[in-house]
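*Asks:* Following the hints, put chain B in place on chain A, whose structure we already have.
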Amino acid sequence: MKTYSLLVAAASVTLLMQSSALAGDVHVLNWKGYGTDESWAVEAFEKATGHKVINDYFNSEQEMLTKLRTNPGLYDVVMINAAFNDQATAEGLIQPIDVSKIPNAADIGEEKAASPMLNHDGKVYGVPWVWGLTSIAVNDKSFDETPTSIQVMWDEAHKGRVTLRDDALEAIQFGAIASGQNINDIKDMDAVKAKLTSLIPQIKTFWGSENDWNQMVAANQIDVGTYWSGSASRAKKNFNLPVTFVVPEEGAVGWLDALSIPKDSKNVEGAEAFINYMIDPAFYTEWDEKVGAPVSANLKAVAALPEDAFNRKVMGDPKVAERIQFQAPVSDADREAYLKIWQELKVNVQ
Amino acid sequence: MSGQSVSMGRRSPAKAAAPLLLPAYLWLIVAIFLPLSAMVFFSFASDMPFSGKPWSLTLSNYAEFFSSSVYATLLLSSFRLALEVTLWCVLLGFPAAYVLAKVFKGRTREAVFLLVILPFWSNGLVRIFSWAMVLRSGGILDTALNAVLPFKINIDLMYSYPAVIIGLVHSYVPYIVLTCYLSLQAIDDSIIEAARSLGASRLTILKRLIIPLALPGILAGSVLVFVPVIGSFMEPRILGGRTGTFYGTVIEDQFVAVFNWPLGAALSFILLAVVLIILAAASPIMRRAT
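Each protein sequence line maps, in turn, to chains A and B. Numbering follows the working numbering, in which position 122 of the first sequence is assigned residue number 321; successive positions increment by one, without gaps. Numbering follows the working numbering, in which position 250 of the second sequence is assigned residue number 1729; successive positions increment by one, without gaps.
What the hints contain is simulated information worked out from the structure, not anything from laboratory work. Among the clues, some could well be false.
[Stated by the list, open to error] Here are the computed lysine-lysine pairs in the DSS-like style, where the Cα-Cα straight-line distance is at most 25 Å:
id : chain 1 : residue 1 : chain 2 : residue 2
1  : A       : Lys489    : A       : Lys465
2  : B       : Lys1494   : B       : Lys1581
3  : B       : Lys1631   : A       : Lys340
4  : A       : Lys392    : A       : Lys300
5  : A       : Lys358    : B       : Lys1631
6  : A       : Lys300    : A       : Lys465
[Stated by the list, open to error] Which chain A residues stay away from chain B? Per the calculated CB distances, all over 10 Å, these:
id : residue
7  : Thr396
8  : Ala418
9  : Phe509
Cβ atoms here follow ideal geometry from the backbone N, Cα and C, with glycine treated the same way.
Next up, chain A with everything else stripped away, as it sits in the complex:
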């Protein structure tokens, strides 16, 4: 009896999920609070196109891939970091996109649109959406002058007031930049380990989410830490925190987030319309102004920002662009090796 009713419940849940995937619905898979679920944006899009937006979320790239694998045909738009596009394409999780149906795509910077990470066999598997940096941000209350070097993280004066994200890939790539190496081809892993080993005693705590970081600054517990460019501008704009994002002279890690259409999407037309809206200058300027956003891949959208906007002034500076190392795909083997190194570091330097 119990198993029977369980079966019925399971069946009805499946039915519900299928019936909600009717044409006219656009199912979007993305990080929570990352542009696609802004209520004002969703409302404007629904009013303009008649498509209804349904958001679903993931907490890690691995989870995103698993959701695509286990729910074929459920999602219409998925946000995939360019470094993961390769894997999603190879597994047949996403389909080629007809860029001609997305008018705003014509304004995307040439170098990003043609990125080999998003184009396979002459077909487009991801439309560049936004890009940003993983670098350091400082608590303005602790500095008279904003530092320009990554070495500030190792400064004795800030001992116990530094934070680092508890993420193996980010930590290792940060160590690579600090030891003057190419993040996509780390030759001297011992130098990275040594650099991180000496960093750990400086650290107050690891952060996991934007909220952690912002709360520590609000309570004046940290001076400096690794952070994401989009989050730093949200901290400043949305939460009025004394945060300044720094692109240090040693360089910064760049990432590119792209929008893709999963294979067997039931509403390709709606997906194209949604992607077009997401890279539209009108949406982007409002997003950056109201909430704080990374840099749009659409050049016209960035040009539409106020002249002194961080995403236009700093991120658009050619001198800054020179220092950015864009993240390439990372193999599963490297990823697991990084996690192991990172766990060992955390345990051994307690």
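*Replies:* Using the frame of chain A, we list chain B on its own:
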């Protein structure tokens, strides 16, 4: 007539108990046994089953534990943490239980009892975050002490090992109080009076009478505290900062951050095995005590 009543009387106790036990056991099977078996199965898989990727059965997840010293070191530090927390819980909980069982009576006892169980009524995360507010520099403890003391001190316990201990002890001390209270209450007051009338000092009564008689309660409480603390991850993560990496947090990482359920499940079962071995090793002592 008489035959019928005889057959009724002979009905086996198991049969009579079946209708009473069935709901509980059905629930245990559905809610605990099935998910746990699924986890056992995952722990032997080379990749996440049902993820669409090819996978096979393997022992490599268990081998991973022995491949580097990291997991053993972590398990050891979790073990130490659990021991320390249990010790503090007994030191704080036993006297409180004694006062509850032997000193207070009636309404006062009820009121104090309520205070002991009160933490159970609040969500664990809420408790931990309120500790975060108390322990950080510029927090409640820091401000209050500086307002009273004539000299300036800076208390910043947040993100440290002591903060993890404080948070965990607070969460688990009620278990010790409750179990000790039960065994202390069962001690007949007249035994204590007899000892006193024969000239035993307070310390002797405590050492030779009360503690031995309450030992089953202390041990049961200790097990109730030790087992969950060795696998705890929420308190170390939030209160421990960079010193908050323990065996439990690494298991959590495998499930949440890198989505490696097979390794996470294997690590969990190794922990379960270690806990069972510890309990088995301790059982002769416990049996003698009881």
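*Asks:* Hint by hint, say whether it matches the structure.
*Replies:* Okay, the hints, checked on the actual structure:
1. For the suggested pair Lys489 of chain A and Lys465 of chain A, the alpha carbons sit about 32 Å apart, so the restraint of at most 25 Å is broken.
2. Between the alpha carbons of Lys1494 of chain B and Lys1581 of chain B the distance comes to roughly 42 Å, so the proposed pair goes past 25 Å and is violated.
3. For the suggested pair Lys1631 of chain B and Lys340 of chain A, the alpha carbons sit about 22 Å apart, so the restraint of at most 25 Å is met.
4. Our distance criterion of 25 Å between C-alpha atoms is broken by Lys392 of chain A and Lys300 of chain A, whose separation comes to about 48 Å.
5. For the hint linking Lys358 of chain A to Lys1631 of chain B, the alpha-carbon distance of about 21 Å falls within 25 Å, and the restraint holds.
6. At roughly 17 Å between alpha-carbon atoms, Lys300 of chain A and Lys465 of chain A fall within 25 Å of each other, so this suggested pair holds.
7. Taking the minimum C-beta to C-beta distance to chain B, about 12 Å, the non-interface status of Thr396 of chain A holds against the 10 Å cut.
8. The beta carbon of Ala418 of chain A is not kept farther than 10 Å from every beta carbon of chain B, the shortest such distance being approximately 7 Å.
9. In this structure Phe509 of chain A is separated from chain B by more than 10 Å, as the shortest Cβ-Cβ distance comes to about 29 Å.
In the structure shown, a violation is registered for the earlier hints numbered 1, 2, 4, 8, in ascending order.
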